[in-house]
Amino acid sequence: MRMTRYATLATLAAGLALGAGARAQDTVKIGLILPMTGPFASTGKQVEAAVRLYIARNGGTAAGKKIEVILKDDTGVQPETTKRLAQELIVQDKVAILAGFGLTPLARATAPVATEAKVPMIVMAAGTSIITNDSPFILRTSFTLAQSASVIAAWAAKSNIKKVFTIVSDFAPGIDGENSFKSGFAPSGGTIVGELRTPLQNPDFAPFLQRAKDAAPDAVFVFLPSGQGAAFMKQFAERGLAGAGIKLIGPGDVTDDDILNGMGQPAIGTITAHFYSAAHDSKENKAYVEAFEKANAGMRPNFMSVGGYDGMHLIYETLKKTGGKVDGMAFVDAAKGMTWTSPRGPVKIEPDTRDITQNIYIRKVENVGGKLYNVEFDKVEMVKDPGKK
Amino acid sequence: MQPLGYQTLREHMRARSAWKPAEYLIWLIPIAAWFVLPTHLSLLSQIAIMGLFALSLDLLLGYAGIVSLGHGAFFGLGAYVAGLLGKYGWGEPLSGLAAAALVAGAFGYVSSFLVLRGTDLTRLMVTLGIALMLSEVANKMHWLTGGADGLQGVAIWPVLGLWRFDLYGRVGYAYAVAVLFVLFLLARRIVHSPFGQSLRAIKQNERRMHALGAPVMRRIVAVCTLSAAYAGVAGALLAQTTQFVSLESIGFGKSADVLIMLVLGGTGRLYGALLGALAFMAMRHVLSGMTPQYWEFWLGAMLVLLVMFARGGIFGLIDVLRARLGWARA
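Protein sequences, first through last, are from chains A and B.
In our numbering, each residue carries its 1-based index in the first sequence increased by 16.
In our numbering, each residue carries its 1-based index in the second sequence increased by 1171.
One or more hints might be untrue.
Said to hold, decoys possible - Covered, in the sense of this in silico footprint (three residues per stretch, anywhere, with C-beta under 8 Å from a C-beta of chain A), are these stretches of chain B:
id: 1; region: 1247–1254
id: 2; region: 1315–1321
id: 3; region: 1331–1344
id: 4; region: 1391–1405
id: 5; region: 1451–1463
Since the hints were derived computationally from the structure, they do not count as laboratory data.
C-beta: ideal position from N, C-alpha, C; glycine also.
Turn these sequences into a full structure, and let the hints steer you where they fit.
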């Protein structure tokens, strides 16, 4: 029958498209939900590797409790799946702490579960300011877009950049980034000559970059989620924006350490503001990078990995403070105000917002011994999230 | 075959539509699941919802023979209607379902006139196109739908004012299964009615139905509307039980998933849709639990094998086995 053949064909096509998501007393279970497949799998890989590394370096117990991590894949694009996995982890696996959360929509959809179950939720990656407002049980160890974007805006205004064209990914962090950049840049006399938003999934940057080039700005401000930078950089070079003397600036997501080295020549000279670079000069970071690369077949840790690593640190240290108890609010209260020296530098969990305060570094992509790195040349110390009202 | 008189025809249709013992057993499964898998209820309710969604496509594809690669559009539309109602102060679940059915059905009615033009391949393209357009509209209307961030702050009232949606998913599950059961009964009644029979006839030979003087166009419009309304209810159920609507619910992925489920289970037999949804979702859950990194590979491999060796889906396979064992086909 003809119909059946089409149905089979359609199924095959659809199948192809699919290929393209009683508490033990002496154990603390952590439900780690990350995008391990799909377009944001690199975030999942980095965070998971860092979590495992932390446990390997600091032992499998904290405050006398065995730490057990249960990993779940939410594919990165289905917030209802993330939410369901969080529910299942709490109800079936009896996890005491939720952690991970690769992207903002995933974290926001899960926030009500944390509130209802009174389970602490450690956001290790997602970067929109509002997330920590969604539940009093949320603690964040990554960053906010507003932190990086406001710092690069101030730097641009000081550095003789007058006209900027902004290109951001069309979801909450992108819009946060765009707003913080504008509110930091425009009052210092800069002009935004154009603003565009690219779709979150499968973006083609060519037409956006052409529009940017036609507007002849001094610089293009770009925010893309971790992992999309390589394609952008390639198009940036192909469209001849660098040749036309247009600088590339932004938060550090676009020059993600995980893929930076593969971007080659076009990436050199890109100036970004961010909280972590694998090239950060400190003994903590040297040891971290070395151990990370050794444990993961040479994979370079990126800023997402540090969010995961510090998330585990926060869990371990808080458990030590509470004597191994994870009592929802008591745990969160114990975590508030905590400070430590991370591979990224000094960090603090703000007691009132439960968000992270950290140094934001200004970096330039350079060739260091044949490899590309974000080399830090300036910093703003202990930046609080400017996105909180 | 002997020509049938009117009386015998009626009896024949009655006999076909009578409940078989196996069917009673099938509906005991969701009740048993409540007791056997009390910690998996949120997954089970999503299976019931996808089952309803696959059922809606079965009405269209399995009975009327209209292929669609854009059924997710109606699902997503229903989800957004129920979600937006919940967000803006009307969280009553049942009326939310009705509103979703109305809006999705109306959209199905309008778009059916596009589906009428052309044959299978054209229909695939048209339905796909409509779904892509709607998905982009939902993405761009950030102020209303939340775009890629999803619709936050959906508050759904207790079901019938009595049962609040809980963390364990008990109420969500019972609610989803109850809605699925009622709509299944209705669908079952419809496909065994003269209207349902005429749909099958259209699928078998559309030209002959024209020649017989049957109102083919009206029938197709009716089934498109009905199927869209069903899909809308499924979407609304998902929005209400998860209290969240993502852009993904209207995306191409949903349209693809539902088609896979239906073909996996077997088209044109209602239960195939339910079984397909169960098999697909369970497979996905188990595989992604076993290998969070590589589960898509195994899922893909299983689907290819099933399509190659089990034509007609799981039910097709069952039929073949029954024939081999010498049992008559029920």
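Now for the hints, and whether the structure bears them out:
Judged by the Cβ-Cβ criterion of 8 Å, the region 1247–1254 of chain B is not covered by chain A as claimed, because only 0 of its residues qualify and three are needed. Proximity of the region 1315–1321 of chain B to chain A, defined as three or more residues with a beta carbon under 8 Å from a beta carbon of that chain, is established by the 4 residues found. Coverage of a stretch by a chain is defined here by at least three residues with a beta carbon nearer than 8 Å to that chain's beta carbons; for the region 1331–1344 of chain B and chain A the count is 3, and the condition holds. Given as covered by chain A, the region 1391–1405 of chain B fails the check, having 0 residues with a CB less than 8 Å from a CB of that chain where 3 are the minimum.
Restraint check on the region 1451–1463 of chain B versus chain A: 3 residues with Cβ-Cβ distances below 8 Å, three needed, restraint holds.
Hint compliance for this structure: hints 1, 4 are broken, all remaining hints hold.
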